[in-house]
Amino acid sequence: MSEQKLQSQTVQTTGHAWDGDLQEYNNPLPVWWVYTFYVTVAFAIIYWIIYPSWPFGKGWIGGLSSITYVNSDGETKTHSWNTRALLMEKLNKADAEQKPYFDKVASMSYEQIAKDPDMNGFILSAGKALFSDNCAPCHQQGGQGKIGFFPNLTDDDWLYGGTYAKINETITNGRHGYMPTFSEVLSPEQIDDLANYVASLSGIGHDAAKAAAGNTLFHSDTAACYYCHGADAKGRQVIGSANLTDKVWLWADVPGADTAEGKVAAIRTVISNGLNKGVMPTWGGRLSAEQIKVLTVYVHELGGGQ
Amino acid sequence: MQTGLEEQVALYQKRIPIFTRSVKGRFRRFKTSVLVFAYAMFFLLPWLPWARSDAPSQAVLFDLPGRRFLIFGLTVYPQDVLWLALLLFIAAILLFFVTGLVGRAFCGYFCFQTLWTDFFIWIEQKIQGERPARIRLYRQPWDREKVLKVGGTHFAWLLASFWTGMTFAAYFAYAPQLVVDFVTGQAAAAAYITAGVLTVSTYAAAGLMREQICTYVCPYGRFQSVMYEADTLAVHYDARRGEGAHGRASARAGQRALAERHEKGLGDCVDCGLCVQVCPTGIDIRDGLQYKCISCGLCIDACNTIMDSFGYPRGLIRYDSEKNLAAAVPAKPRVEWKRLKTIGYGVALILMTSFLVYSVSTRGSYDRTVNQIRLPLYVVLSNGDIRNRYQIHITNKAGQEQTYVISARGVPAGALDLGSFQEITVKPGHSGTVLASVRLSPELAARTKHFELIITPRGKPAEARSETVRFDSPGRPT
Ligand code: SF4
Ligand code: SF4
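Heads up: the sequence lines are chains A and B, in that order. Numbering of the first sequence is given in the UniProt record's numbering, commencing with residue 1 and proceeding in unit increments. Numbering of the second sequence is given in the UniProt record's numbering, commencing with residue 1 and proceeding in unit increments.
I should point out that these hints are in silico values taken from the structure, not numbers from a laboratory. Bear in mind that the values here come from a model prediction, so they are computed numbers and not experimental data. Possibly wrong hints are sitting among the right ones.
[Unchecked claim] Ranges of calculated distance between the beta carbons of each label pair, as one might list FRET restraints:
| hint | chain 1 | residue 1 | chain 2 | residue 2 | range |
| --- | --- | --- | --- | --- | --- |
| 1 | A | Met-108 | B | Leu-64 | 29 to 35 Å |
| 2 | A | Ser-53 | B | Gly-346 | 54 to 60 Å |
| 3 | A | Asp-95 | B | Ser-33 | 54 to 60 Å |
| 4 | A | Asp-116 | B | Leu-64 | 24 to 30 Å |
| 5 | B | Asp-417 | A | Ser-53 | 57 to 63 Å |
| 6 | A | Asp-118 | B | Ser-33 | 49 to 55 Å |
| 7 | B | Asp-417 | A | Ser-183 | 48 to 54 Å |
Every residue gets a Cβ at the ideal spot worked out from N, C-alpha and C, and that includes glycine.
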């Protein structure tokens, strides 16, 4: 107790004096604090030994800890600890965790997958991730597509067919849509007639007389539209020609035009310029068969699957 | 020029060992009962059985892998994080409220640090004896007796620390199984790490650092001063009464009776030092209120014992407010709650607590969220129909598997399409997702802005909940 009293009553200084009278109070650190500091120093030294931390020549000293992982060529590699090796290890682990699911995907039919509640969760998450990584740059998040560029995958209209098998085929092998240019074959009036006819097919405001002329032209060998789009203008999925009688548009920005004239003009543009841009890359070499299967079910579930 | 070098100045503050004397009295009894109650709760709770169908039969189980807390009949899921927020808020307000009224009541009686230190001191005293014996032992060279007694104390501390850590780990796994696994080396690494870290930290905090935790580590001890007011009750030494005109003095012959003392101008404090000897933080309360005092009241018990033995009135050291001590005629100390701040805290406390109780008691057996899929907002189908899609997420919070049926109100029959899942069965504590789509003709779509999705647990129509959702359409005629 007496010691305590002394402490609280005498003012201690560090014993140094500058400029004659400038002194510093001595407020010593508690011992436990100092020990904690020593522990952090010891921790740092151990850390230096275990992890790469020192530059050495052109490289660095790797440290004692190491990471073993399997690289993409299937070789097992052991590397001193670094974040890249750590990533490889984690990716391997994630792959291993997903493997049972992908194995299940491989062994089940599309319908079975779609009806299994457990797999449903997997498709929704894994399919979404795969879609976002690979497909969303063109087809947009959620598969909503972009008029004039990339088809909307959430509607019920399919250029090449929307069954599981067709979707899988499209993803695996890719597609290349093409329509010839008609500006050199037909006169502007003829193209206008055709555009009015196409507009009439899906109930858009049009000029009846022009549409009648367009109807004749459509089925004549001059324009030969029926050759690809079919005599009923419903398109042919074997070659990916569009169904002109439905309300879904991909190449002509009909929904974007406010007036009937604008809509017809949008159709006219496509007829006169043709198309050579409906290119879907092949994914067969880039994604595994199971990944494509997951994507197939996911795209089918986006709303348009047949 | 340098001066003062001849005086040896320590570079670091050395811990002054504290040997507390045991004491009997009101506050000691209160402290002990809190300790016994708290220990019984902490150490026995994980062993309390509770019938459960889908989880180990343990009344309180923090099931981290299952992402839920099982607390008796209540299951708390991560989405109930609001409850945790409320609980923390209530705890904070309660602390402010109590501190404003009676100072550091928490520190002295309820804080883990206090409870465990108290228990460790009790062990120390049982092995090494009362204060004088412990001081003697401390000064004694390291002979057989000292090694045995001090070693034994530390061993007992380590055992107590280990069981503390073990018990903590038992809240996160089925306790009987955990203990068996632990001994046979089969338990999860997390169990060993948890028990290990808690053993070491308990041993260090309650055995070695003790009051240093309160004075250097604990932030509450530092900021509680802002919650003190002149009306706040705290442990005070009544200096006016204790010191008199000429200060404290021992009760020698001739100054033993109170009348004699007052005649000589002496205070009531007989300078026995007992209040200092019992203090777990090693301070002298007679120096005035200080930040190291944890308000444990042991010095009150000590002083009252002395006062009783001399036949003086009790309460030389007592819970009192600064205001009352300074008053010309001190009144009986009492809790002053009629202040804006305390009333404010009190109201907040009542509001938050009722909200929490309401929220817990009205919880449903399942959680649902319905999100409209916004990419794209709507789809025009080939025949011109408009389709909107919704993601329905159902979390089953009930104890058993449940099937949920989904229906729609406000749209024609047949407009709702649930794809492959007409209804969904969800395991307890799990979630399921259903994609629903609603398809309307353009005319109907233009008229429909909202409709309702209804989720009904099968067999429990009373628990059906509906959710109003938007229906989006192009907005301009095609
Ligand atoms: S001064 Fe009294 S109340 Fe404060 S910590 Fe010491 S014994 Fe407890
Ligand atoms: S216990 Fe009471 S009488 Fe004894 S020294 Fe402390 S204040 Fe004075």
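How the hints compare with the structure:
1. A:Met-108 <-> B:Leu-64: 29 to 35 Å: 32 Å, holds
2. A:Ser-53 <-> B:Gly-346: 54 to 60 Å: Since Ser-53 of chain A and Gly-346 of chain B have Cβ atoms about 55 Å apart, the given range 54 to 60 Å holds.
3. A:Asp-95 <-> B:Ser-33: 54 to 60 Å: 58 Å, holds
4. A:Asp-116 <-> B:Leu-64: 24 to 30 Å: For Leu-64 of chain B against Asp-116 of chain A, whose Cβ atoms are near 28 Å apart, the range 24 to 30 Å holds.
5. B:Asp-417 <-> A:Ser-53: 57 to 63 Å: 60 Å, holds
6. A:Asp-118 <-> B:Ser-33: 49 to 55 Å: 53 Å, holds
7. B:Asp-417 <-> A:Ser-183: 48 to 54 Å: 43 Å, violated
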